[in-house]
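Construct all of the structure, not just a fragment, from the sequences and the given hints.
Line order of the protein sequences matches chains A and B.
Following our numbering, the numbering of the first sequence begins with 1 at its first residue and continues without gaps.
Following our numbering, the numbering of the second sequence begins with 1 at its first residue and continues without gaps.
Some clues are possibly wrong.
Computed far set for chain B versus chain A, every beta-carbon distance over 12 Å [to be verified]: (1) 60; (2) 65; (3) 67; (4) 68; (5) 123; (6) 152.
Taking lysine to aspartate or glutamate and the EDC-like style, the derived pairs with C-alpha atoms no more than 20 Å apart in a straight line are [unchecked claim]: (7) A:398 with B:127; (8) A:240 with A:210; (9) A:511 with A:547; (10) A:398 with B:75; (11) A:398 with B:160; (12) B:65 with B:122; (13) A:282 with A:553; (14) A:58 with A:37; (15) B:65 with B:117.
What the hints contain is simulated information worked out from the structure, not anything from laboratory work.
Beta carbons are placed, not taken as given, at the ideal position from N, Cα and C, and that holds for glycine.
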Amino acid sequence: MTGHDVVVVGAGAGGAACAWGLASAGLSVLLLDAGPEFSPTDYPSHRPDWERIESPDKPGSRGIHAFAPMQKLSPAHDHLRSWNHISGLMVEGDARRGVAYQHVRGIGGSTLHFDAESHRLLPAAMTMRSQFGVGADWPFPYAELEPYYITAETLSGVAGAADPARPRSAPYPLEPHAPGYASRLLTERTRHLGRTWRPNPLAILSRAYDGRPGCNYCAQCNRGCPRRDKGSVDVTYVPKAIATGRCRVLSGAEVTGLSAGPDNRIRALTYRDSAGQTHEVKTRCVVVAAGAIETPRLLLLSAGPHAAGGVANEQGLVGRNLLETLHWTTCALHPESLGTHRGLPSDIICWDFNAPDAIPGVVGGCRFAPVTASMLLTGPVSYATRVVEGWGRSHREKMQASFGNAIAIGAIGESLPDPGTYVDLAPDLTDPHGLPAARIHSHLDDMAIGRIEFMAAECRRMVAAMGAGAPFEEFGAYDMFSSTHVFGTARMGTDPATSVVNAHGRAHHCKNLFISDASVFPSSGGGEAPSLTIQALALRTARAIRDAAARREI
Amino acid sequence: MALWPWGSGGLPGRVDLLDTQNDPLTAAPVTGRRRFLGLLAGGAAVLGGAGLFWRLLLPSPLDAKELTLLRRAVDHLVPRGHAPGALDLGIDRGVAEALNATRQFRRLARLGLAWLDDAAGERSDWEHAFLSCLAQPTDVPPRIFFQWLRNETFGRYYADPRSWAGLSITHPPQPMGYPDYRSAPGAMAARS
Ligand SMILES: Cc1cc2nc3c(=O)[nH]c(=O)nc-3n(C[C@H](O)[C@H](O)[C@H](O)COP(=O)(O)OP(=O)(O)OC[C@H]3O[C@@H](n4cnc5c(N)ncnc54)[C@H](O)[C@@H]3O)c2cc1C
Ligand code: SF4
Chain A
1 MTGHDVVVVG AGAGGAACAW GLASAGLSVL LLDAGPEFSP TDYPSHRPDW
51 ERIESPDKPG SRGIHAFAPM QKLSPAHDHL RSWNHISGLM VEGDARRGVA
101 YQHVRGIGGS TLHFDAESHR LLPAAMTMRS QFGVGADWPF PYAELEPYYI
151 TAETLSGVAG AADPARPRSA PYPLEPHAPG YASRLLTERT RHLGRTWRPN
201 PLAILSRAYD GRPGCNYCAQ CNRGCPRRDK GSVDVTYVPK AIATGRCRVL
251 SGAEVTGLSA GPDNRIRALT YRDSAGQTHE VKTRCVVVAA GAIETPRLLL
301 LSAGPHAAGG VANEQGLVGR NLLETLHWTT CALHPESLGT HRGLPSDIIC
351 WDFNAPDAIP GVVGGCRFAP VTASMLLTGP VSYATRVVEG WGRSHREKMQ
401 ASFGNAIAIG AIGESLPDPG TYVDLAPDLT DPHGLPAARI HSHLDDMAIG
451 RIEFMAAECR RMVAAMGAGA PFEEFGAYDM FSSTHVFGTA RMGTDPATSV
501 VNAHGRAHHC KNLFISDASV FPSSGGGEAP SLTIQALALR TARAIRDAAA
551 RREI
Chain B
1 MALWPWGSGG LPGRVDLLDT QNDPLTAAPV TGRRRFLGLL AGGAAVLGGA
51 GLFWRLLLPS PLDAKELTLL RRAVDHLVPR GHAPGALDLG IDRGVAEALN
101 ATRQFRRLAR LGLAWLDDAA GERSDWEHAF LSCLAQPTDV PPRIFFQWLR
151 NETFGRYYAD PRSWAGLSIT HPPQPMGYPD YRSAPGAMAA RS
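As structure tokens, this is what we get:
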């Protein structure tokens with residue numbers, strides 16, 4: 001197959017935004033994704049048994065990955081173990097455990113699953129090396145990304161309120177959502193602790209916009225939005241890219257290798273379609289946007305005569321510098337009737353400790369939000385199995401008294417590079433085509449554990465201040481790797497000795513290869529959700545490709 | 001934001017052995033699988049000796065006695081009250097089907113039911129049986145079975161809207177959503 005200016009691998013946050021940027025700039029694009037297409041009618045939230053249905057989920061919508069053995073847990077940190085009052089410890093034994101790289105394969109990628117938090121990075125979080133001597137600096141300042149943030153917010157339909165810590169050149173396209181009942185109580189009851197809350201910027205429509213209806217506050221964003229008001233990229237960038245007439249989208253097309261020629265250029269790529277047929281696509285330019293676990297895997301799988309050790313891996317950096325989701329959540333039952341099964345997943349946010357130096361004794365910040373819906377505590381099945389103990393008549397009575405009263409406060413913090421945290425190819429696990437799966441290594445250093453410690457203490461304090469009872473469940477990154485936000489495995493920078501791609505996402509040594517997903521992040525931010533930044537970067541990369549094409553470099 | 005990692009409606013438990021989506025044996029890593037088989041054998045030896053151990057290895061579906069025990073256990077978990085009980089909604093049949101679906105689940109059920117029956121004693125004291133089971137370590141088969149049974153029974157029962165009487169939920173989240181999310185629960189209904 002030939003005839004496209006650019007082939008984009010992966011139709012998630014980064015790939016879809018880049019494909020739109022390229023197609024709307026006049027380039028022809030082939031957008032390939034390993035997973036299936038989803039439609040709003042695929043999601044189960046109109047069914048009474050919705051809680052028992054895995055969603056978004058279809059054949060081919062989950063990749064496989066392996067975990068390397070992880071570090072020993074210390075009894076000194078037993079208070080940071082994940083547990084539930086009914087079932088006990090979630091991870092038994094004395095070693096940290098790899099549980100999940102949470103993702104969706106499909107047109108829309110992991111945004112099909114996301115809560116649509118749409119954060120700009122705090123400018124100070126982009127200079128961790130020069131300010132604090134840790135991690136890496138971004139190769140350009142916040143101001144450079146700002147216009148792309150505006151475009152991404154406009155295309156996704158972000159509802160938010162101005163935040164002085166994150167300067168902006170235009171208002172949000174949509175006014176913020178009003179906070180829900182429980183979030184208003186949280187704001188009032190944590191004021192004496194000094195906590196300040198603001199509307200969380202969300203790619204969820206607070207009114208009809210761009211042909212999509214406003215949200216009706218069903219609290220099921222993680223299961224896929226049947227109304228299309230959640231700005232997952234399958235309802236924003238992808239249809240707009242197709243509408244240009246210059247973007248062809250293929251689902252069920254898993255790219256299995258890139259072949260590099262002697263001139264440091266990618267000549268072709270191969271993909272398998274859902275019927276198992278292999279196809280070769282000759283190309284002038286490739287954008288890899290398979291997510292921060294699968295992008296390094298694909299580059300490593302593409303080792304060949306002209307790419308020993310993998311494509312773009314001259315320095316052995318592909319897969320290194322993996323940044324994971326450092327998180328903590330405390331859940332408790334409140335004696336008052338709160339109706340927390342309603343509303344938006346995280347309608348308000350607390351940035352009080354977001355700055356890199358905000359947590360005493362630790363470098364790297366964090367943020368807090370109510371996450372009852374993200375913890376799937378929105379229906380009677382989860383209450384019956386996770387919240388209410390026992391059985392029989394007393395269980396029933398407690399169900400009646402407690403349904404809708406669960407609250408969960410969650411935190412996510414900065415993840416800094418660690419030599420023990422990276423992605424490589426699994427020696428003993430292959431995908432259905434016989435290709436090695438990605439293997440995730442993860443190690444938490446003392447500073448990371450210190451950050452979790454702080455997040456746990458604050459979450460517990462806030463839950464108590466709310467007036468809730470003792471926690472019934474807590475869950476965090478100390479004893480398990482369960483990451484929704486992953487970054488850094490093909491880091492961008494100006495120095496080819498310490499980065500894989502340049503400031504525009506272009507591989508240092510492979511002139512027609514670009515990377516446009518969370519892999520390129522030099523640092524994670526202090527808990528900011530990544531998708532908006534991934535999209536802004538992708539739009540900037542698309543601009544760079546357009547310019548390179550105009551200069552006939554590709 | 002971080003999401004509950006055990007999938008829809010799942011209860012955390014033994015990550016390796018208690019996995020309601022998968023077969024508890026094939027889902028376990030090799031060492032866990034061996035340990036699980038060892039535990040099954042040990043449990044059988046304590047309860048019924050070699051006879052039960054060999055029956056555990058048989059692929060046959062649960063027999064009439066085992067199905068009766070299962071009904072009793074399900075009934076004790078969700079008895080009839082103001083709302084219909086689990087048996088009224090046929091939950092036991094769904095649970096039995098799920099248990100009969102794989103050989104490994106049948107083994108687990110066979111051992112778990114025998115253990116619970118033994119603990120319930122001649123007085124059929126299921127309350128005592130459940131409490132004794134909860135006193136077991138979390139990784140022994142009867143406890144794993146009980147946790148699974150509790151999960152599956154409640155999961156099926158509360159996925160049926162006939163069980164929602166008296167809870168502050170009257171409809172699935174869509175298509176109506178919760179436009180009243182800013183008010184105290186029931187406040188909108190009370191006003192109108
Ligand atoms: C439950 C959950 C909640 C989240 N909530 C938020 C939130 O509120 N806000 C936020 O900003 N972020 C959130 N995230 C994270 C966010 O979804 C991801 O960070 C983001 O989607 C990553 O974008 P990406 O382009 O790097 O990868 P992805 O979006 O994962 O896209 C990668 C795509 O590449 C495809 N692919 C992989 N390998 C191949 C191959 N070999 N060939 C072809 N295609 C391939 C995959 O099928 C996939 O579609 C959440 C994530 C989860 C799981
Ligand atoms: S809360 Fe709103 S955005 Fe989320 S799934 Fe429901 S309707 Fe869609």
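How the hints compare with the structure:
{"no.": "1", "hint": "60", "in the structure": "holds (28 Å)"}
{"no.": "2", "hint": "65", "in the structure": "holds (22 Å)"}
{"no.": "3", "hint": "67", "in the structure": "holds (20 Å)"}
{"no.": "4", "hint": "68", "in the structure": "holds (19 Å)"}
{"no.": "5", "hint": "123", "in the structure": "holds (17 Å)"}
{"no.": "6", "hint": "152", "in the structure": "violated (9 Å)"}
{"no.": "7", "hint": "A:398 with B:127", "in the structure": "holds (18 Å)"}
{"no.": "8", "hint": "A:240 with A:210", "in the structure": "holds (11 Å)"}
{"no.": "9", "hint": "A:511 with A:547", "in the structure": "holds (13 Å)"}
{"no.": "10", "hint": "A:398 with B:75", "in the structure": "holds (18 Å)"}
{"no.": "11", "hint": "A:398 with B:160", "in the structure": "holds (18 Å)"}
{"no.": "12", "hint": "B:65 with B:122", "in the structure": "holds (15 Å)"}
{"no.": "13", "hint": "A:282 with A:553", "in the structure": "holds (17 Å)"}
{"no.": "14", "hint": "A:58 with A:37", "in the structure": "holds (9 Å)"}
{"no.": "15", "hint": "B:65 with B:117", "in the structure": "holds (10 Å)"}
Against the hints set out earlier in the document, a violation occurs for number 6 only.
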